[in-house]
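As a plain string of letters, each chain reads:
There are 2 protein chains.
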Amino acid sequence: MPSEFSFINQIRQRATTGANNLILGIGDDAAIWREHEGRERLISTDLLIEDVHFKLDYTSLACLGHKALAVSLSDIAAMGGRPEFALLSLGLPKSKLADLNWQDFFDGYFSLAQKYGVALIGGDTSASPDKVVIDSVVIGTCASGKAIRRSGAKMGEAIYVTGRLGASAMGLELLQRGERLPTQSPDKKAEAIRAHLQPEPRVKFGENLGTLGLATALMDVSDGLAQDLSHICEESGVDAVLEYDVLPIAPSVRELAGTIDKAFSFAISGGEDYELLFTANPEAEAALKKCASECALEITRIGEIMARQNPQEGPRIFLRRNGRVDLLSITGYDHFRA
Amino acid sequence: MPSEFSFINQIRQRATTGANNLILGIGDDAAIWREHEGRERLISTDLLIEDVHFKLDYTSLACLGHKALAVSLSDIAAMGGRPEFALLSLGLPKSKLADLNWQDFFDGYFSLAQKYGVALIGGDTSASPDKVVIDSVVIGTCASGKAIRRSGAKMGEAIYVTGRLGASAMGLELLQRGERLPTQSPDKKAEAIRAHLQPEPRVKFGENLGTLGLATALMDVSDGLAQDLSHICEESGVDAVLEYDVLPIAPSVRELAGTIDKAFSFAISGGEDYELLFTANPEAEAALKKCASECALEITRIGEIMARQNPQEGPRIFLRRNGRVDLLSITGYDHFRA
Numbered sequence: 359m360p361s362e363f364s365f366i367n368q369i370r371q372r373a374t375t376g377a378n379n380l381i382l383g384i385g386d387d388a389a390i391w392r393e394h395e396g397r398e399r400l401i402s403t404d405l406l407i408e409d410v411h412f413k414l415d416y417t418s419l420a421c422l423g424h425k426a427l428a429v430s431l432s433d434i435a436a437m438g439g440r441p442e443f444a445l446l447s448l449g450l451p452k453s454k455l456a457d458l459n460w461q462d463f464f465d466g467y468f469s470l471a472q473k474y475g476v477a478l479i480g481g482d483t484s485a486s487p488d489k490v491v492i493d494s495v496v497i498g499t500c501a502s503g504k505a506i507r508r509s510g511a512k513m514g515e516a517i518y519v520t521g522r523l524g525a526s527a528m529g530l531e532l533l534q535r536g537e538r539l540p541t542q543s544p545d546k547k548a549e550a551i552r553a554h555l556q557p558e559p560r561v562k563f564g565e566n567l568g569t570l571g572l573a574t575a576l577m578d579v580s581d582g583l584a585q586d587l588s589h590i591c592e593e594s595g596v597d598a599v600l601e602y603d604v605l606p607i608a609p610s611v612r613e614l615a616g617t618i619d620k621a622f623s624f625a626i627s628g629g630e631d632y633e634l635l636f637t638a639n640p641e642a643e644a645a646l647k648k649c650a651s652e653c654a655l656e657i658t659r660i661g662e663i664m665a666r667q668n669p670q671e672g673p674r675i676f677l678r679r680n681g682r683v684d685l686l687s688i689t690g691y692d693h694f695r696a
Numbered sequence: 359m360p361s362e363f364s365f366i367n368q369i370r371q372r373a374t375t376g377a378n379n380l381i382l383g384i385g386d387d388a389a390i391w392r393e394h395e396g397r398e399r400l401i402s403t404d405l406l407i408e409d410v411h412f413k414l415d416y417t418s419l420a421c422l423g424h425k426a427l428a429v430s431l432s433d434i435a436a437m438g439g440r441p442e443f444a445l446l447s448l449g450l451p452k453s454k455l456a457d458l459n460w461q462d463f464f465d466g467y468f469s470l471a472q473k474y475g476v477a478l479i480g481g482d483t484s485a486s487p488d489k490v491v492i493d494s495v496v497i498g499t500c501a502s503g504k505a506i507r508r509s510g511a512k513m514g515e516a517i518y519v520t521g522r523l524g525a526s527a528m529g530l531e532l533l534q535r536g537e538r539l540p541t542q543s544p545d546k547k548a549e550a551i552r553a554h555l556q557p558e559p560r561v562k563f564g565e566n567l568g569t570l571g572l573a574t575a576l577m578d579v580s581d582g583l584a585q586d587l588s589h590i591c592e593e594s595g596v597d598a599v600l601e602y603d604v605l606p607i608a609p610s611v612r613e614l615a616g617t618i619d620k621a622f623s624f625a626i627s628g629g630e631d632y633e634l635l636f637t638a639n640p641e642a643e644a645a646l647k648k649c650a651s652e653c654a655l656e657i658t659r660i661g662e663i664m665a666r667q668n669p670q671e672g673p674r675i676f677l678r679r680n681g682r683v684d685l686l687s688i689t690g691y692d693h694f695r696a
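Quick note, the sequences are listed as chains E and V, same order.
The opening position of the first sequence corresponds to residue 359 in this note's numbering, with each subsequent residue numbered one higher.
The opening position of the second sequence corresponds to residue 359 in this note's numbering, with each subsequent residue numbered one higher.
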């Protein structure tokens with residue numbers, strides 16, 4: 359069985375890339391085409407399938423509606439663009455159409471859409487044999503040449519991430535252990551669960567990074583920090599080293615993971631944080647901090663881009679810890695092998 | 359349980375429609391936004407779910423790949439636009455990923471994409487618990503103001519349809535009876551089955567209708583002629599009368615349906631013909647015939663648009679047969695009630 363990434367690569371090789379006005383096809387957070395002089399269009403789509411991406415016994419429909427849009431908004435932010443339009447395809451089993459209040463789903467969806475001025479302009483509805491199926495499309499815009507791809511990281515540049523990591527994976531584990539929202543237990547549990555069920559995409563910061571041209575490579579943390587960083591390194595032809603001591607592990611993860619190794623593992627391999635991961639010239643740090651603070655976000659410098667050690671092989675991610683630098687084995691989410 | 363159409367209407371009422379540059383949101387074959395001076399963008403998405411839209415025991419993956427793109431190309435044709443880009447989301451159960459040759463799916467998909475110069479620019483892949491899930495997005499383009507909506511039909515205009523009707527529904531019934539491709543039996547069976555598994559979207563004719571401005575309302579026949587015509591009448595605020603004698607029933611349906619009533623029912627209520635249904639000023643007929651013949655298509659004038667008899671109620675479709683005009687009860691496909 360192919361991995362998800364080798365399957366995508368096969369499709370990518372067959373896709374036509376020389377189309378009129380096409381700037382970037384398969385392989386980044388969103389595709390890009392030239393809209394008119396000075397402006398480009400971005401588009402991304404995300405599939406969410408019941409019992410793969412969510413379970414109805416632990417998510418509310420309002421959280422699900424929020425998350426369905428959030429993951430695609432995050433893709434547009436991960437290109438440095440501004441989201442504008444959305445389409446939504448919904449496959450609903452008859453029993454769940456009859457028994458559940460889908461207005462709650464749209465409450466969650468439209469609440470987030472309105473927050474960022476995104477208009478739902480189309481979609482499709484269908485029955486589904488047994489699982490709820492959602493496909494979420496978001497269309498964004500950016501000034502020509504301002505989209506930030508995964509391929510722009512260069513040796514010596516600093517690696518940054520927004521916010522804190524690992525809370526979504528921690529929240530998923532709590533849900534799998536039977537914890538639910540609202541919880542009577544300490545706030546940290548609710549914090550982690552909310553990070554998983556209702557992630558906040560970094561819409562404004564992503565857009566500002568694009569407009570200001572402050573980052574050289576950018577993507578969102580959806581499959582796990584190490585794996586997502588390896589995608590940047592793959593596309594940029596570089597390696598990277600991460601600093602163990604500064605990794606911004608979410609407080610809920612530090613408190614609830616049990617061991618520091620497990621907390622670290624959630625932060626580096628847990629998926630669905632929807633924070634932004636980016637590289638920049640170290641001299642841009644003051645401007646980056648200002649940009650982040652204007653969005654009420656913190657950013658952390660977590661490592662550095664290095665030259666590719668072995669150009670014949672794939673990218674390597676290293677970890678500096680207690681003065682030692684070790685190769686990090688990259689694990690993260692592969693939908694086809696999970 | 360709501361019908362599919364009342365569910366969509368609820369979403370439509372909540373969707374923001376005043377977005378910048380948005381020309382047409384939910385409710386037609388595709389949404390439209392202003393791309394730049396003189397040009398508009400069209401986008402449509404179609405969900406195809408295993409055991410709702412197709413069964414793997416009767417479709418080849420090559421036919422499925424073709425059809426996944428065909429249904430969305432048909433939506434762009436149904437706006438009078440030209441398709442340009444596509445995105446494809448695929449949810450695959452692990453066993454079916456391992457056991458089936460998905461290159462066949464992409465052979466079918468890319469063969470149709472290349473025929474019409476459409477570039478696959480993005481998508482998503484995921485595991486799926488048990489059913490194959492496909493969401494197919496196509497993005498098209500047309501000159502400003504040239505998109506043909508469902509809402510433009512006026513009293514006294516003629517109603518036309520391309521090609522022949524009912525073969526897809528006939529083919530589905532044959533498949534459900536156990537017939538398969540290739541078939542040793544008479545050609546008409548293969549013709550009907552192929553109409554269902556591998557429909558040919560009317561891409562060029564749709565684009566030409568838009569460019570030439572020959573049609574006043576346009577959509578594709580996906581849910582059944584009578585139901586789709588009622589959508590045009592609903593959006594246009596009119597009624598319609600169909601002529602029984604001229605209805606272009608596909609030869610395979612005439613031969614295989616058994617009775618003339620059943621053949622008529624397939625032609626008028628069977629879905630998924632993906633022919634184009636449109637209205638036009640009767641004086642445009644010569645130009646329409648020329649336009650169709652340049653695309654190697656036949657068109658048939660099947661009826662006429664009438665003033666809405668009762669403005670307080672929904673649209674009515676009448677049938678003229680043997681000198682009598684009777685109200686046609688509209689049945690067609692409702693995914694939520696099928």
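Treat the hints with care, as some may be off.
As the list claims (entries may be wrong) - Derived pair list, reagent style DSS-like, types lysine-lysine, alpha-carbon separation capped at 25 angstroms:
1) V:Lys562 / V:Lys647
2) V:Lys413 / E:Lys454
3) E:Lys452 / E:Lys413
4) V:Lys452 / E:Lys413
5) E:Lys562 / E:Lys452
6) E:Lys413 / V:Lys562
7) V:Lys413 / E:Lys452
Claimed, not checked - To spell it out: a stretch of chain E is covered by chain V in this simulated footprint if at least three of its residues, at any positions, have a beta carbon under 8 angstroms from a beta carbon of chain V; those stretches are:
8) 452-465
9) 486-494
10) 510-518
To be verified - Simulated restraints on C-beta separations:
11) E:Gln534 / V:Glu395: 50 to 58 angstroms
12) E:Glu671 / V:Lys452: 22 to 30 angstroms
13) V:Glu656 / E:Asp488: 39 to 47 angstroms
FYI, nobody ran anything at the bench for these hints, they're computed from the structure.
The beta-carbon is built from N, C-alpha and C at its ideal position, and this holds for glycine as well.
Hints, verified against the model:
1. Of the supplied pair hints, the one linking Lys562 (chain V) and Lys647 (chain V) holds, its CA atoms being roughly 14 angstroms apart against a limit of 25 angstroms.
2. A hinted pair counts as satisfied when its Cα atoms are at most 25 angstroms apart, and Lys413 (chain V) with Lys454 (chain E) qualifies at roughly 22 angstroms.
3. A distance of roughly 17 angstroms separates the Cα atoms of Lys452 (chain E) and Lys413 (chain E); the hinted pair therefore holds under the 25 angstroms criterion.
4. Restraint check: the Cα-Cα separation between Lys452 (chain V) and Lys413 (chain E) comes to about 19 angstroms, which is no more than 25 angstroms; the hinted pair holds.
5. The hinted pair formed by Lys562 (chain E) and Lys452 (chain E) fails the criterion: a straight-line CA distance of about 38 angstroms is larger than 25 angstroms.
6. Note on Lys413 (chain E) and Lys562 (chain V): the hinted pairing is violated, with a Cα-Cα distance of about 44 angstroms set against a maximum of 25 angstroms.
7. Distance restraint check for Lys413 (chain V) and Lys452 (chain E): the Cα-Cα separation of roughly 19 angstroms lies within the 25 angstroms cut-off, and the hinted pair is therefore satisfied.
8. Here's how the segment 452-465 of chain E fares: 6 of its residues keep a CB closer than 8 angstroms to some CB of chain V, so the rule of at least three is met and the hint holds.
9. Proximity of the segment 486-494 of chain E to chain V, defined as three or more residues with a beta carbon under 8 angstroms from a beta carbon of that chain, is established by the 6 residues found.
10. Coverage of the segment 510-518 of chain E by chain V is violated. Counting CB-CB distances below 8 angstroms, 0 residues qualify, and the rule asks for three or more.
11. In this structure, Gln534 (chain E) and Glu395 (chain V) meet the distance hint of 50 to 58 angstroms, their C-beta atoms being roughly 54 angstroms apart.
12. At roughly 28 angstroms, the beta-carbon separation of Glu671 (chain E) and Lys452 (chain V) lies within the given 22 to 30 angstroms, and the hint holds.
13. Between Glu656 (chain V) and Asp488 (chain E) the CB atoms are about 42 angstroms apart, so this pair conforms to the stated range of 39 to 47 angstroms.
Taken one by one, the earlier hints fail for this structure at numbers 5, 6, 10, listed in ascending order.
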